[in-house]
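In terms of the working numbering, the sequence shown is residues 3 to 92.
Derived by calculation from the structure, the hints in this document are not laboratory data. All C-beta atoms in this analysis are idealised placements derived from N, C-alpha and C, irrespective of residue type, glycine included. Accuracy of the hints is not assured; some may be wrong.
Cβ pair distances, simulated, as ranges [said to hold, decoys possible]:
hint, residue 1, residue 2, range
1, F58, A87, 18 to 28 Å
2, Y37, G60, 20 to 30 Å
3, T27, E85, 16 to 26 Å
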Amino acid sequence: MRQTLMHVALVVRDYDEAIEFFFSTPRFALIEDTYQPEQDKGWVVVAPPLAAGISFLGEPQQAPYGTVTVFEDLYANHWDLVERAKDQPA
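Work out the full structure, taking the sequences as your base and the hints as a guide.
Quick look at the structure:
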């Protein structure tokens, strides 16, 4: 199945804590972890393989664009996981 997720920016209180959550809990792959000295912040990129071990906020629902379910990260952000309908562009 083809998966797509564009870049999402999150403000976090602790980079290492956030990386640990996304790397170990939903098993995202850590793609990049670079310190940006000119902005005194980090740039972290993760990619989603499988979502496992996370707290889903309900059963998957059918929508005109496909199937969607929502999970919550350690900062109480809600993430939509979407499987696009075959007739919908990625």
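Status of each hint after checking the structure:
The supplied range of 18 to 28 Å is met by F58 and A87, whose beta-carbon atoms lie about 20 Å from each other. The hinted range of 20 to 30 Å is not satisfied by Y37 and G60, whose Cβ atoms lie roughly 37 Å apart. Taking 16 to 26 Å as the suggested C-beta distance range, the pair T27 and E85 conforms, at roughly 20 Å.
Hint violations for this structure: number 2 only, all remaining hints satisfied.
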